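Taken in sequence, the protein lines are chains A and B.
Here the first sequence is numbered in our numbering, starting from 17 and rising by one per residue.
Here the second sequence is numbered in our numbering, starting from 17 and rising by one per residue.
FYI, nobody ran anything at the bench for these hints, they're computed from the structure.
The list treats identical chains as interchangeable, and a pair is accepted whether it falls inside one copy or across any two copies.
With a straight-line Cα cutoff of 25 Å, these simulated BS3-like cross-link-like pairs (lysine-lysine) come out: (1) Lys341 <-> Lys225; (2) Lys304 <-> Lys139; (3) Lys329 <-> Lys175; (4) Lys273 <-> Lys290; (5) Lys236 <-> Lys290; (6) Lys245 <-> Lys290; (7) Lys63 <-> Lys105; (8) Lys290 <-> Lys304; (9) Lys93 <-> Lys304; (10) Lys224 <-> Lys337; (11) Lys293 <-> Lys49; (12) Lys293 <-> Lys304.
Source: prediction; values computed, not measured.
So you can see what is in the structure, the chains are spelled out below.
Number of protein chains: 2
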Amino acid sequence: MAKLFVPYYITRRLYSGGGGITARKYVLTKYFKGEPKISDFQVIEEKLPDLKEGEILTEAEYLSVDPYMRAYMIGYKLPTDMIGGQVAKIIASRNKNYPVGKYVVGSFGWRTHTVCDPKVPEKLGFIPITLLPDIDPHPRSLGLGVLGMPGNTAHFGLKEICRPKPGETIAITGAAGAVGSHVGQIGKMLGCKVIGFAGSDEKCQYLKKELGFDHAFNYKSANIRQALKEGAPQRIDCYFDNVGGEISTAIMNHMNKNGRVAVCGSVSSYNDEKLPKVTILQPAIVFKELVVEGFLVNRWVDRWNEGITANLKLLNEGKLKYQEKVYHGFDNMVDALVGMLQGENTGKAIVKVK
Amino acid sequence: MAKLFVPYYITRRLYSGGGGITARKYVLTKYFKGEPKISDFQVIEEKLPDLKEGEILTEAEYLSVDPYMRAYMIGYKLPTDMIGGQVAKIIASRNKNYPVGKYVVGSFGWRTHTVCDPKVPEKLGFIPITLLPDIDPHPRSLGLGVLGMPGNTAHFGLKEICRPKPGETIAITGAAGAVGSHVGQIGKMLGCKVIGFAGSDEKCQYLKKELGFDHAFNYKSANIRQALKEGAPQRIDCYFDNVGGEISTAIMNHMNKNGRVAVCGSVSSYNDEKLPKVTILQPAIVFKELVVEGFLVNRWVDRWNEGITANLKLLNEGKLKYQEKVYHGFDNMVDALVGMLQGENTGKAIVKVK
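All chains should be built: construct the whole structure from the sequences, respecting the hints.
Shown next as C-alpha cells:
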C-alpha cells in the first residue's frame, strides 16, 4: 500500500542532504483521528546538503492536498515526513536535463525545499519526477491536477478499468473533485452519457453547465434512487467510485449486467475512526455479474507520460476544463487538507506556498 | 438476472403440453418473506400433451434445492412455476438421441413430469438439457451436484474468475456446501493452500480430514480475524465468496495486493427482508487493488460439457469427493429448501422424489 508515494525511509535517502539552504517540513507525529489537526504534526527545519552530481535543489511553489493523504499515513511508522506532490522551481542544479529556472512535479512531501536526484523515484517504481511542460497561460499548479497524478488517475482509471463504450452511461461520485470532474469530461468525449453526484447545488450546476455532464445530483439533498431513475433510465454501465459509502451500493444496484466499477477511493469513510457499515454489495455484484476493481495510479508508472501527454493535448485543444481551489501559505497545509476533505473545493485543491 | 434459469413464460413454451400423463408442480403464488413457506406455493396438477417429433417425456427422480432459488424468484411475475434442476428418467421419447430408460439433467423446475424438446434450452442460451453419463456406482443425483450446475460453478468460477496460481492461498466461505467443498478440492489439486469457513465443527472436520483443506474454521464460533491470521499467515490471494456478509469484508481486508474475489452468491442475506449493512469493502478494494467479480454459471453455457467432463474425470480418478444431504418426497420440497438455507447440508442438498 505504501508504494504509490515515497515513504519516510526512502524520502530520507532520496531527498535529504544539506547545503546551505534550510528547508521547512511537516513531520507527522500522531496518527490522524477524525479530521487531521495541526497538532498531529511538527513543522521543523532541516539543513539541506550540497548538491552531488546529477542532483537538483528545488523550491516548492504549489503543494497538493489529496484525499489519499488522509487514508495513507496509517501505513507509515511515526514520526514520518508528510507525503504529497509539489510543483517546484529548480533553484540550483548539477543535472543538465533539469536546468535552473525550470519547474518539476515531484512527490517531495510537505516541505519547502528539496535536494534530489530526479531519476531515482522512477527507478524504484514510484511516480516519476517530471519537468513541467510550458503550459502558459495556464497556471503551473496544473502539474498537480489535470497534468499530474489526478489527471492520470482519471485517464487510466476510466479507460483501463471502466472501459466505456460509446453510448454507455457512466456514473461518477465525488464528481466535482479533481479526478471526478476530469473523468466526466473524458466520458463525454468518448460518447457516453455522464451522471455525476456532488456535494452542493453549485457544484452540480458547474458540472452540467461548464463541463457538459448530462445530469448532476446533490447527494446531500437528492433521493439517490430517484435520481438514478431520472438520470440513468438505461441504467449504469460504468461507475467511477471515489467515495464508497451507501451511495455506491445504490449505484451498483442500478447497474446493467456486466457493468464495470473502478474503485478509485473511499473518501466518505476516510475520517471515520471505524469503517462504517453500508448495505452489502454482493447481491448486486453477483446477479449483475459486475466487475469491481480497485486501482492505484502507480499501476501505470511505466506509461506516466502517455497520460500526461493525452491530457495536455486535450487542454491545448480547449477540450479539458478545470477549476482550482487555491489555499495560501505553507503554514495552512492542514486547513487546506481538512477543507478539501470537507468538499470545499470544486476541482483540484492546492496550496500556493507563498 | 433471469437468464440463468428458465422463466415462467419460456417454461410454458418449452415444457408444457399434454398427453395422458398428469404432472404435479409447485407454483409460487407469494414472494418469499424471510424463510420460504409451504403457503407461498400452490401444488397443482397439469395435464401434459402428446409428444411431438423430437420431444421427450420425463419423470423426475431427484430434484435440486439450491441457494439461488431463494434469491431469484423476486425476478418473476407471479404466479410462476418454481425453477430448479432435476435428474429425470426418460419414460417416453420421440427423439432417438434421448431413448427411453436413459436419464437427463434439466432445469425443469419443481415438477414430477415434463414434456420438452431437449435442444431448445441450449438454443435459447440456457443451461442445456444433458444426458447423464453412466456413473455407476455413484448415485445419479450427482447430475445435480459435482456433475451438474454446482460442479460447473466450482470449476469455472475458481479457474476463470479467481485464476489461482500454485502456492497461492484460497479462502472459501460456505465451504462445506455443494460449490464450496468442490472449489476447495480443485484448489488443492492446483497446488494452493485452502482455507474454508463453514457453519459447524463437524463440517470443518470433514473439510480438513476428508477433503484435505489446510484449515477450516467454524464461522459461528471463531474469531474471524484471528482465524485468518492463523490460517493464512501469507494472507489471501483468491477468495471464493458464497455468502457475502461481514465475514467477506474481514477476508477482503486480509487479502494480498491484486487479489481476486469470485462472488458466487450472498446466501447470508437471502432470507433478509432488507439487505443487511456490513463494514464497507471499498477501502480494501482500492488499497489492495482487488478485482471483485460476480458471476453466474450460465456465462459458460457454451463450455458446459467441458466442465462436466473435467469433473467426471476427477470423480473417476477418485480425486473428487462429495457428500449429499438427501431429503425425501416431492411434498417436502419446501422443507428441503429451508433446511439447505439453514445449512443442514454438508455437500449437495437434493430431494429424492419417491
